[in-house]
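Please construct the entire structure, taking both the sequences and the accompanying hints into account.
Residues in the sequence shown are numbered from 139 upward in steps of one, following the numbering used here.
These aren't lab readings, by the way, just hints derived from the structure by calculation.
Here are the simulated lysine to aspartate or glutamate pairs, EDC-like style, with alpha carbons at most 20 Å apart: (1) LYS222 <-> GLU199; (2) LYS210 <-> GLU260; (3) LYS210 <-> ASP258; (4) LYS210 <-> GLU256; (5) LYS210 <-> GLU199; (6) LYS210 <-> GLU281; (7) LYS210 <-> ASP229.
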Amino acid sequence: MRTPNQGFTLIEVLVASLVGSLILGAVFALFQQGIVFWRIQGDTLESRDNLRMGTERMSREIRSASRIRSFKSNEIVIEDSSGKQIRYYYDPAGTQLLRMSNFVSNAVVNRIDSFTVECDLESGIVRLSLEGGRAKAVPDRLETTVWVRAVGD
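Given below as structure tokens:
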């Protein structure tokens, strides 16, 4: 009595290979999308954190300033309680918000697209706006309003 051969035919092996390849391709595509999404979210969080830290630092110094020396649309100069001038300004070439004190400039925020200042000297209210992430479909924008405690002439 002859026993039938145990095994797979060539067609069965090819079909199983094709199904396995399709499953692996789908898993790989899903993995790639997860990595892309993770990078986008990481960039968004970094951009928002940079904007938040920059506005917090400026707000703190402007709030405690003894006077506002001058301001433009993308620059503000304040004077602290010791009489030292502090200048915050936007450098579009370097896409940075810079802080100058004692003739030394330091970057406060990197990779920003705009910085605007609105100031009402009578009431001592300063509105600051930072925007970053222009490469994204919807850029991040952070605005804050600061009341200067001691407004001078």
